[in-house]
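Visitor: What follows is each chain in one-letter form.
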Amino acid sequence: MKGKLPTQTYHKIAKNQIDYDVLRNRLKLKHLEEISTLYNKHPHVKKYFDYKKLDLKNIREHSAKIIGAGAVFGALLLAPPDNSKALPTPYALIEKLDNSRESGLDKFLIDTFKDILPDKVRPLTQGEEKLLEQIFYNSVGIKVNANLEGEHLNTTYGLIGAEQHLVRYPGDKLQNHGTGPELASGMAPGRGAWGYFSTNAAQLSDDLVEKEKWYAVVQTLYLPDWNTRQPYIKNWYKYRKVMIVNTNNAKAVIATVADSGPAAWTGKHFGGSPEVMNYLGGLKYKKGPVLVFFVDDPENKIPLGPVEYNKTNEYLTKLN
Amino acid sequence: MMLYYDHLVVFTKVEKHLKKINVNDDEKSEIWKLIDEMVHHRALTTVLNKLPFEEHNEFLDRFHRAPHDIAIIEYVNSKVGSDITKDLQKDFEKLEKEILDLLSNG
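Protein chains in written order, with the numbering used here: chain A, 1 to 320; chain B, 321 to 426.
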């Protein structure tokens, strides 16, 4: 038998466990301190939230519901966000697309993003999302949706951050993830939100290798109905195919959702595997604005990895 | 993004520290939520400490109605006569340091 016996290593496991428990207890105490500070100094705030039946710990869910309702009914009932731009007509866009044959599709997309998207990332209106869906289908040839089968992310326009490789099976090592420069990103110590990709190395198919290579991280934990629609919603998001587009250079990749995050307090809204980030912006690219839409590909015809603009017709043929 | 102060909260050091810890998904979510809730309480404390008492209800109504509305900052600025984002940033930096101390100590 190679390596140390379990009796020689159990104390290390126990140490990690204690570390987590200690950490959680410390944070809980600090958390209580923050609550006390607020409500001792401003007791009327507690009364206000009680009256409104809102617990501050659920403020993200509350906000997501309001934003979601605003996106659906925005065009009819609510005023558009202050920083929204006047959207170009589809006719104007088609004309621009036709004229982009020489200058290139990437330039057309970069210019269009500048025309449509707000200067700072925020949840887009339904009108903005619908227009982008049309643009992607007509230019790139891939059918994407902000809302697919009734599911919608809290935002489709946000900041993406660099993630590490994920452990694919028990005992997986970083050096098993290829030889590219992306290995420098390292490997996360824990598993992704959906656990191991396979039970062992032998079961790891080429398809699963691709899924880890081109994985995306989305904030499922902040979805307004995440806790009430289990296990359906967790299964729906597992390996869900998304298209991620860097709005600064129009580079796009198809990825699968394989982890939940990042935490809201990181200032980011999505995450990308080392390969995803390298393609979107190069090895030094750690954070930037992106669009994330679901890929409507029930027959799994669109391959993971970089979206090649010269293959628009190929994508269209696959979908039709 | 989802809350009017989200863009001011960037706990890079806490994120780096937590990425090294091997926890399962439930444990990770619990830690993230505890920190997130601390931010909510700290943000409210910071704003309400600055805002005149007679404005508290109006502010809470705006926050309850549209927690994501960035215009809340302009509203608060107009009532306090200074830039509340500077106070929020300062207090969030302080909070990150306090959390880091908890993560680092023994």
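Hints listed in this document are in silico derivations from the structure and should not be mistaken for laboratory results.
Don't take each hint at face value.
As the list claims (entries may be wrong) - Below, in silico cross-link-like pairs of lysine to aspartate or glutamate (EDC-like), each with a Cα-Cα straight-line distance of 16 Å or less:
1. B:K353 to B:E335
2. A:K28 to B:D403
3. B:K370 to B:D407
4. A:K52 to B:E378
5. A:K57 to B:D345
6. A:K234 to A:D119
7. A:K234 to B:D346
8. B:K336 to B:D407
9. A:K238 to A:D115
10. A:K238 to A:E308
11. A:K286 to B:D411
12. A:K57 to B:D356
13. A:K30 to B:E357
14. A:K30 to B:D356
15. A:K28 to B:E347
16. A:K143 to A:E33
As the list claims (entries may be wrong) - Calculated Cβ distances over 10 Å to all of chain B for the following chain A residues:
17. I67
18. N99
19. D115
20. Q126
21. L148
22. Q164
23. Q175
24. G180
25. G190
26. A193
27. W236
28. T247
29. E299
30. N300
31. K301
32. L304
Claimed, not checked - Sample of chain A residues at the chain B side, in silico, Cβ under 7 Å:
33. L183
34. M187
35. P189
Keep in mind it's a predicted model, so treat the numbers as computed, not measured.
Think of the CB as a built atom: it goes at the ideal place given N, C-alpha and C, for glycine as much as any other residue.
Visitor: Next, verify each hint and record whether it holds.
Guide: Taking the hints in turn, this is what the structure says about them:
1. B:K353 to B:E335: The hint holds at about 13 Å.
2. A:K28 to B:D403: 31 Å, violated
3. B:K370 to B:D407: Within the cut-off at roughly 9 Å; holds.
4. A:K52 to B:E378: At roughly 14 Å apart (the allowed maximum being 16 Å), E378 (chain B) and K52 (chain A) satisfy the hint.
5. A:K57 to B:D345: 19 Å, violated
6. A:K234 to A:D119: Violated: K234 (chain A) and D119 (chain A) sit about 32 Å apart, past 16 Å.
7. A:K234 to B:D346: 13 Å, holds
8. B:K336 to B:D407: 25 Å, violated
9. A:K238 to A:D115: Given that 16 Å is the threshold and the Cα spacing comes to 34 Å, the pair is violated.
10. A:K238 to A:E308: 25 Å, violated
11. A:K286 to B:D411: Distance ~26 Å between K286 (chain A) and D411 (chain B) Cα, so the pair is violated.
12. A:K57 to B:D356: Distance of about 8 Å is within 16 Å: holds.
13. A:K30 to B:E357: 10 Å, holds
14. A:K30 to B:D356: 12 Å, holds
15. A:K28 to B:E347: 13 Å, holds
16. A:K143 to A:E33: 49 Å, violated
17. I67: Since the minimum Cβ distance to chain B is about 6 Å, I67 (chain A) lies within 10 Å and the statement is violated.
18. N99: 35 Å, holds
19. D115: At about 22 Å from chain B, D115 (chain A) clears the 10 Å cut-off, so the statement holds.
20. Q126: The claim stands: Q126 (chain A) keeps its Cβ more than 10 Å from every Cβ of chain B (closest is about 16 Å).
21. L148: Consistent with the label, L148 (chain A) stays out of reach of chain B, its closest Cβ about 21 Å off (over 10 Å).
22. Q164: 7 Å, violated
23. Q175: Nearest chain B Cβ is 19 Å from Q175 (chain A), so the label holds.
24. G180: Correct as stated: the minimum Cβ-Cβ distance to chain B is 21 Å, above 10 Å.
25. G190: With a cut-off of 10 Å, G190 (chain A) comes too close to chain B, as the shortest Cβ separation is near 5 Å.
26. A193: For A193 (chain A), whose nearest Cβ neighbour in chain B is about 5 Å away, the distance does not exceed 10 Å, so it is violated.
27. W236: 17 Å, holds
28. T247: 15 Å, holds
29. E299: Holds, since 30 Å exceeds 10 Å.
30. N300: 26 Å, holds
31. K301: 31 Å, holds
32. L304: For L304 (chain A), whose nearest Cβ neighbour in chain B is about 23 Å away, the distance exceeds 10 Å, so it holds.
33. L183: It is violated, given that the least Cβ distance between L183 (chain A) and chain B is near 17 Å, above 7 Å.
34. M187: 11 Å, violated
35. P189: Given a least distance of 4 Å, the restraint on P189 (chain A) holds.
Checked against the numbered hints listed earlier, the structure breaks hints 2, 5, 6, 8, 9, 10, 11, 16, 17, 22, 25, 26, 33 and 34; every other hint is satisfied.
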